[in-house]
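So the protein lines, in turn, are chains B and C.
Be aware that the first sequence starts at 1, since it is given in my numbering, and climbs by one per residue.
Be aware that the second sequence starts at 1, since it is given in my numbering, and climbs by one per residue.
In case anyone wonders, no lab produced these hints; they're calculated from the structure.
Treat each hint with caution, since some may be false.
[Stated by the list, open to error] Facing chain C, according to a computed beta carbon distance under 10 Å, are these residues of chain B, among others:
#1 TRP22
#2 LEU23
#3 ALA25
#4 SER29
#5 THR331
#6 VAL335
[Claimed, not checked] Pulled from the structure, derived: some chain B residues nowhere near chain C, Cβ distances all over 12 Å:
#7 GLU21
#8 TRP26
#9 ARG47
#10 VAL56
#11 PHE71
#12 ALA137
#13 TYR199
#14 ALA404
#15 ALA430
[Said to hold, decoys possible] Quick list of simulated restraints, FRET-style, between CB atoms:
#16 C:TRP17 <-> B:VAL205: 51 to 59 Å
#17 B:ILE317 <-> C:TRP16: 50 to 58 Å
#18 C:GLY47 <-> B:TRP247: 35 to 43 Å
#19 C:VAL24 <-> B:VAL136: 54 to 62 Å
C-beta: ideal position from N, C-alpha, C; glycine also.
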Amino acid sequence: MDLLIPVAHALVGKEDLPIPEWLFAWGASLVLIVSFVALTLLWKRPRYEEDGWRPVSAGVSRALVNRVGGFVAGALGAFLLGVVVWAGLQGTEAPDRNLALTFVFVTFWLGVVVASVLFGDVFRAFNPWRAIARAVAGGFRLIAGQAPPPPLRYPERWGRWPAVVGIAGFAWLELVWGQSGFGSVGLTPHTVAIATLAYSAWTFVGMALFGIDRWIERGEAFSVYFNMFSRLAPLEVREGRLGRRRWLAGTVGWAVVPGSVALILLTIGATAFDGAAEGLLQEPIRSTFDGLTDIGVGPLASQRIANSLFFGVTVAIVAGIFWGGIAGMHTVRNVTGTRELGRLFAHSFIPIGLAYLVAHYFSLVVYQEQAQFTYLLSDPLGDGSDYFGTANAGIDYTLIGARATWYVQVGALVVGHVLALVLGHDRALATYSDPQTASRSQYWMLAMMVGFTTLGLFLLSQANQ
Amino acid sequence: MNVLDLLPPLAHVGHWWTYVLYAVPVVIVLGSVVMTLLKERHRDGEGEK
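So here's chain C without its partners, still in its complex pose:
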């Protein structure tokens, strides 16, 4: 079975929408990196106190 058949709304949303789909992994990873580092910095700061 072609996976495209399972994703009709995404497969036919048009050209420009795919740009957003390519950005999704970058946004998730970048967001996770920033969040993780902020959390670790906060934890390190508390540890020093």
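This is chain B alone, in the form it adopts within the complex:
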């Protein structure tokens, strides 16, 4: 996201920190080892196989989950979708002065993740495509006097793969099409608006073919993506009733649906690539770019091909670490196939996906949300309007210091990986017949956690050079 705000990822001078950055990786690894030992000694039976969901009182549930609220939320979602398209098509092409980019890539893409982790699957209520489709289906019933034709049966083997394709496309748009690392190319608000319209058309076709709820559950990329993070939350609506459950417990069993493992690995890989492209991969990308331009490929195409290549390589490395660890786990006791074992344990990586997002985008969110709720709100098109009197506000870059940002990044990575250890350990106790074998299988989980933590800190430190 260099495009939006080049200094968003905090610049931490080594001299600002009390110890070198690599020593943080050692410390984080030590925390993971101690956590692993503590889990082995103190956590002897699975606690997350039952999520403990209990409805809250009927009054509270009705106050928060009701038809009027659902209608208002859906209408607001549809309105914001319209604003993004309007701003993208009609507003300035300056990316930092147009609401469309910040709204889509920060407020929506990152902000809804935070809301989902805290409050559950809130995007379902605000989903603009669901709201519009339901309104259209309602209108059809009213006018035609009959229900719309029944949808096709969604192929179970597709699982969440359509959503994986959608998220991969979104990440590619952000990190490759609009990315640089050097000589900024530019993702214009106009492109974002066109992409939004194209994705809306794809979503409506999916809903028309397979039914609104089925497509939301499996194929609509953002619903599936935000729902993944909402599994960490202690709140969930079931059959119209709000209930509470244990934190993290909603993740268990999430990954058994085909495509789920790919989704979480893509989530981690995309964030890792964004970090790596700002530091570690800068030179390799530049070399590939030079090689491509030398053989006559145009500069823009060369840049996009080089970024696409290394995006794929980064996701492949993340997948390699995951499947390497799972293969190691498989050698401990042959309870099931490697692929099945991956599906049994992949939910443990949801906190890591969150940790990578927080670590990488924390400062971006803090800075860009100031813009979102001040001058971009008052002047969404960047044409000099001032709807709320905040058009002349600016971003306060002193709001958080570089050192504080680094500590948030380290803290997020450590907490995320400790939570992953907890979920993996709990699942191992349920999967293996005895606690000793369960612990042995988790040696590999520990190795993966140390690998992902140090990789995350390494990428951040390189981006901060």
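Fit chain C to the known structure of chain B by using the hints.
Showing chain C alone in chain B's frame:
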């Protein structure tokens, strides 16, 4: 006191050397995991005999 002051050789070895320092915990843990599992497998095999 800044810990960097205590580690002049490591603090100034240059950019590339830090890559190795990041790999140290991974190598130690991975090595320990392999060694432990091999040892346990060997012990289990002896127990079966």
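List in ascending order the numbers of the hints, as given earlier, that are violated by the structure. Numbers 6, 7, 8 and 17, in rising order.
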